[in-house]
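Assembling the complex is the task here: the two chains are given apart, and the hints tell you how they should meet.
If you read the sequences in order, they're chains A and B.
Numbered according to this note's numbering, the first sequence spans residues 1 to 206.
Numbered according to this note's numbering, the second sequence spans residues 1 to 296.
Please keep in mind that the hints were generated in silico from the structure rather than gathered at the bench.
Chain B side only, calculated, beta carbon under 8 Å to chain A, not exhaustive:
no. : residue
1   : Trp-16
2   : Val-113
3   : Gly-120
4   : Glu-148
5   : Leu-244
6   : Lys-256
Per the computed footprint, the stretches of chain B lying under chain A, defined by three or more beta-carbons under 8 Å from a beta-carbon of chain A, are:
no. : region
7   : 39-47
8   : 50-59
9   : 134-143
10  : 195-206
11  : 233-242
12  : 262-273
None of these values were measured; they are calculated from a predicted model.
All residues carry an ideal CB built from backbone N, CA and C; glycine is no exception.
Okay, here's what each chain looks like letter by letter:
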Amino acid sequence: MRKEVPLIITFLAGAFFIADYFIPHTGFSDLAAKINGWAIIVLAASYILGVLNILRINYGRVAKREKDWILKLILVLCMFFMLGAGIFGGITEGTLFDWFFVNTFTPMQATMFALLAFYIASAAFRAFRVRTVQAALLAITAVLVMIGRVPIGETIWKSFPDFTEWIMNVPQLAGKRAILIGAALGAIATGLKVITGLERTYMGQD
Amino acid sequence: MNNRKISLVILISAIWLTLCSQILLAQEAAPPTGTKFDYHWFDTNRLNVFITLAIVFSAILWFIARAKKGKSLFIRRIAGLDAIEEAVGRATEMGKSVLYIPGIHDMNDIQTVASMIILGNVAKTIARYDIPLIVPIRQPFVVPVAEEAVRQGYLSAGRPDAFMKDNIRFISDEQFAYAAAVNGIMLRERPAANLLLGSFYAESLLLAETGASTGAIQVAGTANIHQLPFFVVACDYTLIGEELFAASAYLSREPKLLGSLKGSDLAKALIVLAIIIGTILETIGVKWFTKLFVVQ
Numbered sequence: 001m002r003k004e005v006p007l008i009i010t011f012l013a014g015a016f017f018i019a020d021y022f023i024p025h026t027g028f029s030d031l032a033a034k035i036n037g038w039a040i041i042v043l044a045a046s047y048i049l050g051v052l053n054i055l056r057i058n059y060g061r062v063a064k065r066e067k068d069w070i071l072k073l074i075l076v077l078c079m080f081f082m083l084g085a086g087i088f089g090g091i092t093e094g095t096l097f098d099w100f101f102v103n104t105f106t107p108m109q110a111t112m113f114a115l116l117a118f119y120i121a122s123a124a125f126r127a128f129r130v131r132t133v134q135a136a137l138l139a140i141t142a143v144l145v146m147i148g149r150v151p152i153g154e155t156i157w158k159s160f161p162d163f164t165e166w167i168m169n170v171p172q173l174a175g176k177r178a179i180l181i182g183a184a185l186g187a188i189a190t191g192l193k194v195i196t197g198l199e200r201t202y203m204g205q206d
Numbered sequence: 001m002n003n004r005k006i007s008l009v010i011l012i013s014a015i016w017l018t019l020c021s022q023i024l025l026a027q028e029a030a031p032p033t034g035t036k037f038d039y040h041w042f043d044t045n046r047l048n049v050f051i052t053l054a055i056v057f058s059a060i061l062w063f064i065a066r067a068k069k070g071k072s073l074f075i076r077r078i079a080g081l082d083a084i085e086e087a088v089g090r091a092t093e094m095g096k097s098v099l100y101i102p103g104i105h106d107m108n109d110i111q112t113v114a115s116m117i118i119l120g121n122v123a124k125t126i127a128r129y130d131i132p133l134i135v136p137i138r139q140p141f142v143v144p145v146a147e148e149a150v151r152q153g154y155l156s157a158g159r160p161d162a163f164m165k166d167n168i169r170f171i172s173d174e175q176f177a178y179a180a181a182v183n184g185i186m187l188r189e190r191p192a193a194n195l196l197l198g199s200f201y202a203e204s205l206l207l208a209e210t211g212a213s214t215g216a217i218q219v220a221g222t223a224n225i226h227q228l229p230f231f232v233v234a235c236d237y238t239l240i241g242e243e244l245f246a247a248s249a250y251l252s253r254e255p256k257l258l259g260s261l262k263g264s265d266l267a268k269a270l271i272v273l274a275i276i277i278g279t280i281l282e283t284i285g286v287k288w289f290t291k292l293f294v295v296q
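If we strip away everything but chain B, and leave its shape as in the complex, we get (with noise of 0.2 Å):
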């Protein structure tokens, strides 16, 4: 980081730090009247989850400095995420298009964000095969993300005179006007492939069936559990909960992200660990254990 970045760095942060503690401030020596006014600085009911967090989040930050280092990191195949590949390389035999769809939540949903990181890397693919990729949005905030997404991973591949502004969609904010529209570029435009990737609701059978009625490869993930056998029954491959968010790192394989998932999964093992600590000690009739994990 240059001085130029370490002032600006400082001068946000001063900002920002300014404005907070001037509020905090103002209000503290003007409580609103009527109002039991709360002056703690931390809720001590969620000092585990604090812990927790504090946990996670060094494991996460261990295993990516590691990953910097060079160390080499296994990641296990997922086969959603090579399905991928072969959904563009059909498309492109075929000459047809391939049709991502981010899911309906807006930008405040992770799995938005995971969406849109995905599609960064499924644009950088597809521009090298040179077919169009269209992207149907429900939430307006999402247009110039995914637009940036697109164009970023257009340039990636040295193609960004093959990114097609207009193949990025706003369709409507209304889930099922949505639904009804996709359904419609599927069955008229009949891409090769459907990428459904990101956070679904009702709509989701919907697009799923429709898609495979076109014939077309189809991949979809989320992390919302009721939309989840939908999708398995309607898709050839399904990214289960988790599968969604260690996309970007392994489409990457960028070392600091795959460390990423080597943190999340040794958290997954102590938290595996405290379940089996767990059950036995309430087995024998110990509670104090499972009470640590009481969130208030």
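Just chain A, with the same shape it has in the complex (with noise of 0.2 Å):
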């Protein structure tokens, strides 16, 4: 039973939104938003869950007075805080639960967001070594579009933007949408085999 019925109600929901792609009836269309909205107070509940484990993990930690004890308890009574802050004053613009995220929350993650541009050069600076031929081709490619895309690519040579245009929207484009062709029909082969009930790894059960 533990199998079974999870298994037909994968089946049965896979199904369903297969079908509702087709079946353009009103009915069953709203039947369909309405399943997702279960699905949406499902994955709301499941918050519940995210904070026993933060709970768990860190409870332990904290009592036994493990490495960086006191950074998790700060973790804990913050997210304690926030919650108490929220439910009880309210998440709206003047509460205690915005002013501290708008002027802790928000400038650490438009700190973590910046560095992507340094990471950026260094990723670059990593792909642009030539040690091999293909390596090469990257490298002149990228120079030639960078090189066609800024003023100085136009006065170099006329025709310089449309050549750049050129390799974006032909062999970028044709390489691109390869990999997504394929990534689709692998998606499409992954969900038959979860729907089918073949590939029951992820339910945790053989």
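Structure, rendered in structure tokens:
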């Protein structure tokens, strides 16, 4: 029973949503929208699991005074503080929750995102080291595209921007679409294996 | 299938169908006022999609049936998947952990489902070597699925005692908070191998570059096309698009799963054929063939 029930539910849900794509019947679409709503409720409820996971992992470490236990204690206290601020004070503009969100979380998030610029520079440096024929092709193409997209490119050769566009719209796009088609077929095959119960590793049951 | 299972299938199907038909009948009897009610049971504009899907499904199921009969199927070598074993071996030699990052999306993303399938296989390998497996997770709904996949992996390897539930960690559902925390794990715990398999977005390079700076062997894989270049430059091996979905069959070598790969390959061959025919016909001015593939 532990195996069969989830498998049947997966099959019925999977088949239902495939059918929903092909059935324009309003009643059927409404039913699909309703079931999607249930899925959102289940997903929202799963946040309780997340909170419990954080508590379980950090409580033991704080209790045993493991390395960095003070940081874990701060994490748990902050979590409860924000939870309390949100539940009792609301989350709209001007509330305590909003003040902390805007003045602590937002700048930290922006900092992480800003780091991306430096990481792109270091990744580009690594990518453009010419060690093989393929790496050389990549580097030459990248340099050509970059030159074609700045004003100096047009000054060097009038058709440079058009040439750059051709690289982007023909060979680049062809490669990209090939990957996309392969990935889409892989996704269909995986979906089919899951729906038919051939693949059940994700359920934790052989 | 025994009688009990058949009864169960019939019972649940009957409940489901009754529920659906009752709701539909009720709505049809009293359609909401002011809105146009569509009574059609098939969208003919999507007939081409239906036929294509039917062909792909049939090809996959046919190859699975062939594989079940014992026909041997050749699967090309995928370096990135072979490297997982190598990465785990390296971690064992160094006495360090393996970090498995299953992407940032929820279970409704097929890439996360594929990642959970790979996680089960990876856990089975890691259990044999007796090293820690750390799985930081962004979406809370993925936590129980990952726990089950890892637990089953350890169980299959005969090492249920080595399974550490606390290593499956929910971090935060905020993208960059998650990236910061995972970077922290990489820098503090210094895993010998980082496996980044799943659906990634802007955090991909933050994670991959930090991992590269720690000297860990990195295997990445995603079907998100814009993140692939970042993984290619920052990781040792990259599973590109479909290779991520092929991983479970490749790692488990189960005939029925290998059969599904062959089915996808046949579908790919048909698509290539259609592209060639379409290109030739469009070039000589024949338009009807390409119009067959227009999706509305």
